[in-house]
Structures are given as C-alpha cells and as structure tokens.
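For the sequence shown, this note's numbering begins at 9 and goes up steadily by one.
Each statement offered as a hint is correct.
Pairs of lysine-lysine residues, derived as BS3-like cross-links and limited to a Cα-Cα distance of at most 27 Å, are as follows:
| # | residue 1 | residue 2 |
| --- | --- | --- |
| 1 | 453 | 408 |
| 2 | 453 | 437 |
| 3 | 450 | 392 |
| 4 | 427 | 392 |
Ranges between beta-carbon positions, derived for each pair:
| # | residue 1 | residue 2 | range |
| --- | --- | --- | --- |
| 5 | 516 | 390 | 35 to 43 Å |
| 6 | 473 | 445 | 28 to 36 Å |
| 7 | 367 | 213 | 22 to 30 Å |
| 8 | 363 | 514 | 46 to 54 Å |
| 9 | 495 | 340 | 52 to 60 Å |
| 10 | 363 | 390 | 39 to 47 Å |
| 11 | 502 | 190 | 42 to 50 Å |
These aren't lab readings, by the way, just hints derived from the structure by calculation. Positions of the beta carbon are idealized from the N, C-alpha and C atoms, including for glycine.
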Amino acid sequence: MRRLDRLKSQIWFCAAAGGVLTSLAFGVFNIWYRHWLPWMLAAAGAAACIRSTAGYGNRRTQLLSGVFGAAMSAMFLVGQRITVQPPSFAGVGREDVLPFAGLALLLWAATLALFRLSERHPFPKSRRALPESPRSRFFSWALWSSIFAACWLPYFLTYYPGLMTGDSFACLVRAAGRAPVNNQQPVVYQLFLRMFYLAGNLLGSMNRGVALYSFTQLLLMASVLGYALYWCRMRGCPLPYLWGTALFFALNPIYGKYAVTMWKDVLFGGAMLLLTLFLADTAAARGANLRSIGGTAHLALTSFAVAFLRNNGVYVLAFSFLWLAFFCRVHIKKIAPVLLVILTAVMVIQGPVYRLAGIPKNRFDESVGVPLQQMARVAAKDGKMSEEDRNFLNRVMPIKTIKESYDPFTVDRIKFNHKFDYTYLARNKPEFLKVWADLFVKNPKECLIAHMMLTLGYWHIGTGNWVTAAGVASWGDDTYGVVPYNLFGTLTGINSKPYLEKWSAFLEHFVPTGMSNNIGVAVWMTAFLAIYALLKRRYDRLLPMTPVIGLWLTTMLAAPTYCEFRYVFSLFLCAPFLLFQIYREGRSESTP
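Work out the full structure, taking the sequences as your base and the hints as a guide.
The structure is reproduced here in structure tokens:
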C-alpha cells in the first residue's frame with residue numbers, strides 16, 4: 009500500500025511540475041492562453057520526461073543536458089522576438105526570465121529523457137551477411153545508386169534542361185567566356201561547367217549542354233548517396249534504417265530538384281559527404297589508413313573537391329584537419345606532413361597560381377558579411393562612433409546611403425550598392441578590422457542584434473525561406489539560349505509538373521517532413537548528437553562531424569542572407585549518416 013501511495017505521489021508531483029513548466033514555457037511562444045490541447049499534450053509529455061529521468065545520469069550528464077536545454081530555451085525566446093516581415097526585434101526583458109527558466113527546465117528534462125532512450129536503444133548491428141566479393145559489393149553500391157537515379161529522373165525530364173537561378177548563370181556565362189573568370193564563383197566549378205558548354209556547342213545548343221550537365225550531376229549525386237548507403241551497410245547498419253534513409257532522399261522533392269539544379273552547392277554537398285565518411289574511417293583506425301597510398305589519395309581527392317567547389321571550403325578543410333591531427337595524434341609525425349601538403353597545395357593554387365593565370369581572387373567583402381552588416385546597423389541606428397570611424401564608413405559607402413539601403417536580413421543591399429567602394433575596403437583591411445572592433449566595443453547591443461538577425465535561419469528552429477529553384481530564372485533579361493521544356497510530357501503525354509509541385513507542397517506543409525528540411529532543426533540535432541557522443545565518451549565519432557560544424561561556423565561568420573538552405577545543404581546530406589555513426593553499437597571499426 010505504501011508503495012502504491014508513493015507511486016501516486018510521484019505521479020502527482022510530476023504532473024504538477026509538468027503543468028507548471030509547460031505554462032511557463034508556453035509564455036515564450038505566447039500561445040498558452042489560446043490553445044489548450046497543445047498545453048495538455050506538452051504537460052503530459054513533460055510529466056513523463058520528469059518521471060522517467062528521475063535520478064538518471066551523473067553530474068556530467070545533467071550539466072551538459074542543462075546547458076543544452078538553456079541554449080535551446082534562449083534560441084526559442086530570442087528567435088520569437090524577431091520578425092522578418094516587417095523587420096523588427098522586440099527585445100527581451102525581465103518579464104522573460106520566468107518563461108525562459110520554465111522552458112529551459114522543460115527542455116532539460118526532455119534532453120535527459122532522449123539521452124536515456126538513446127542509451128537503451130542503440131542501432132542494433134545487422135545480422136544479415138555482408139557482401140564480401142568485389143562483385144557483390146559493386147552490386148550493392150550500384151543498386152542504391154540506381155534507386156536514386158530512377159526516382160530523380162522524372163525531375164530531370166519535367167524540368168528539362170535543368171533548374172537555374174541567377175547564381176547558375178553567373179557561373180555559366182563565365183564558363184562560356186562571355187564574362188571574365190574570377191574566384192567569386194569557384195574557378196574549378198566554372199571550368200567544370202565549361203566542358204558542358206563546349207559539349208552543348210558540339211550538340212548544337214546551349215539547352216543540350218545544360219541538360220548534359222544536369223544529367224551528369226544527377227548521376228554523380230546518386231552515386232555518392234549510393235556509396236554512403238553501401239558504406240553504412242558494410243558497417244552493420246540495419247536494413248530498415250538503410251531503406252528509410254534511401255526513401256527519404258529518393259522521394260523527397262528537394263533532393264530530386266537539387267540533383268538537376270545548376271548550383272555549386274550540390275556537388276559541394278556530395279564532396280562533404282564523402283569527406284565525412286572518410287573521416288569516420290580515419291578516426292576508427294586512429295589515422296592508420298593515412299599511412300597507405302590509397303588512404304592518402306582518398307583524403308587528397310575529397311579534400312580538393314571540398315576546397316575548390318566552395319570558397320569557404322578551405323576553411324572547412326583547415327578546421328577538419330586541425331581536429332584530425334588531434335584525434336590521430338598517435339601517428340602525428342606521419343599524418344601532419346600529409347595534411348600540410350594538401351592545405352599548402354590548395355592555398356598555392358588559389359593564390360599564386362590563380363594570380364599567374366590572371367584570375368582575380370574572391371572579393372574581400374564576400375568573406376566579412378557579418379562584420380559589414382554590424383557596421384551598417386550601427387550607422388543606420390545612429391550608434392556611437394568616433395570621427396575617424398565615421399570618415400572610414402563614409403569612404404566605403406556614404407552613411408546616408410547605408411541608412412537607405414540597410415536591411416537587417418541581408419547584407420547584399422550594402423555589398424551590391426553602386427555606391428559601395430569594395431576596392432577601397434579591400435585595400436584597407438587592417439583599418440576595416442580596427443573600425444569594426446571599435447564600433448563593436450561602443451555598440452555591443454546593436455552588433456549582437458545585427459548578427460542574430462542576419463543569421464536567424466541558421467540557428468532558430470522554425471525560420472524558413474525559399475529552398476528550391478522554380479525554373480529557369482533569367483540573368484538580367486537573358487537566359488542565353490536556355491529554354492525550359494517539359495520533356496516528360498512530350499514523351500508520355502502526361503503533364504507531370506503539377507503533380508510534382510503538389511507533392512512538394514504537401515511535404516513542405518506536412519509537419520514531420522517540413523521540419524526535417526528546417527535548418528534550425530538540423531543544426532540542433534547535430535549539436536545533440538555531438539553532446540551525446542561526449543557523454544558516452546565516443547570521441548572518435550566526433551571527428552566525422554567536423555566538416556559540417558566547420559561549414560556552420562563559416563556560415564555564421566560570413567552569411568550574406570538570413571536563411572539560405574543551399575548554403576548548408578551539406579548538413580542535410582550528412583545528417584542521417586552522422587546519426588548512424590553516433591548511435592551504432594560497439595567501437596568504431598574501419599571496413600575496407
């Protein structure tokens with residue numbers, strides 16, 4: 009009887025605590041007084057989390073869970089105070105302390121519950137026999153790749169010759185020689201496009217050249233994802249998870265459309281996924297695979313692809329190599345020269361070699377989007393500045409024009425204004441950094457607000473923006489001979505475009521699939537996986553996460569606009585494989 013009474017008292021306590029925390033937490037979103045059903049469900053969930061995690065975890069677990077919960081609570085609280093239309097930041101005050109604390113405690117309990125659930129239910133190792141012969145392994149890779157190619161083929165035929173935006177044409181016109189080559193768009197990507205431009209000339213039209221590019225990219229991305237699933241299969245991934253991942257990528261219209269979109273971000277995402285998988289094997293082998301010619305060549309090729317397909321790729325590479333050297337420090341004397349040679353080769357090619365070839369380097373303002381936006385906000389809000397700071401800003405761009413052009417959610421209206429003197433800025437980098445630091449010290453609040461608003465979509469769950477290209481968007485008033493054509497309709501007599509668009513709209517508005525394409529969700533899921541690996545002391549499994557972490561950090565430092573899915577497309581490609589890597593049973597093993 010006492011036991012039953014004790015159980016009842018525990019349940020009542022958890023229910024009361026869950027109700028109180030939920031009431032406080034819903035104050036963050038201002039919905040508790042309008043919707044009772046979400047409140048009831050959340051309160052019940054909170055009570056279940058509190059009950060299931062009572063006494064769970066040591067101090068380390070509880071501390072990290074608490075920090076994670078508080079960080080997420082701050083994310084929701086601050087993010088809710090920012091509106092895109094009309095652009096504004098409502099600010100936070102003393103009245104937000106209790107809602108913040110309530111949501112932080114609620115998320116702390118939920119995080120502990122997820123940690124406990126994850127600990128009890130790791131990925132079981134598949135009991136099915138693994139393919140052993142080279143022929144069966146090739147068949148496994150080819151099967152997965154064929155599934156992706158077949159599911160994405162309707163997108164190629166429907167949106168023939170491919171999907172294009174202004175950025176696509178910015179690369180294509182340089183590849184075609186109609187504009188000078190520069191490194192604002194990756195030079196190697198422009199050279200890659202040139203092959204298809206020349207092929208189009210041989211085939212008789214630009215349309216055919218673009219179509220050949222789109223189909224080639226489709227096959228490359230299908231092959232990369234097919235290899236990733238084969239990689240998981242060889243490491244004992246259960247088939248239900250493999251098939252679930254395959255269907256997610258194959259049937260999600262975002263990936264079908266991206267496969268035929270002329271963006272550097274797509275192939276860069278494939279390169280990032282290959283680097284992620286290789287680093288997983290390297291960490292498992294403690295760097296032993298880099299002592300072979302094959303392993304070194306594998307790392308060099310994937311590293312060059314990452315470095316030359318996006319201009320921030322070299323920073324992603326440097327960040328990953330730093331952690332690679334740390335994790336594999338046992339073999340540091342043999343690994344360090346390999347890493348230094350690769351990084352040096354990249355910097356020599358992108359520096360002296362490009363200069364000798366007459367290729368201008370990327371504009372300096374492209375890599376300092378956030379500091380530039382912070383300075384613009386201080387000027388637009390009449391912040392504190394010295395006369396020297398004012399003179400420098402007026403030299404870069406008249407303060408009056410800054411006030412007229414400033415947009416909290418994109419720095420492009422500053423960078424691409426005809427009165428913006430990017431040449432002067434590039435020639436006075438030390439003074440720019442000095443003025444920025446001075447303005448930051450004098451106006452920390454405005455600078456922090458500028459950063460939060462410019463990067464909103466990269467940290468806030470729920471913020472979204474356009475994801476896929478709609479068709480072939482002209483560059484200026486010209487499409488350079490690229491004409492969209494529904495080849496699927498011609499071949500089958502069925503107008504497939506409305507069906508694909510309806511399917512896209514349905515998945516976008518269906519909450520589970522819609523949230524799976526939200527940048528904030530992907531970022532916080534990655535953070536959760538990293539913390540779980542730390543708690544379980546699976547440090548070797550953190551290494552494969554370094555490329556996407558490096559990508560996110562560089563995006564947070566140089567993002568030109570507040571929410572651009574394609575900038576972090578790599579994160580979504582890598583996420584299912586990072587999830588498997590963190591949760592799989594036993595020690596990491598390197599499988600050839």
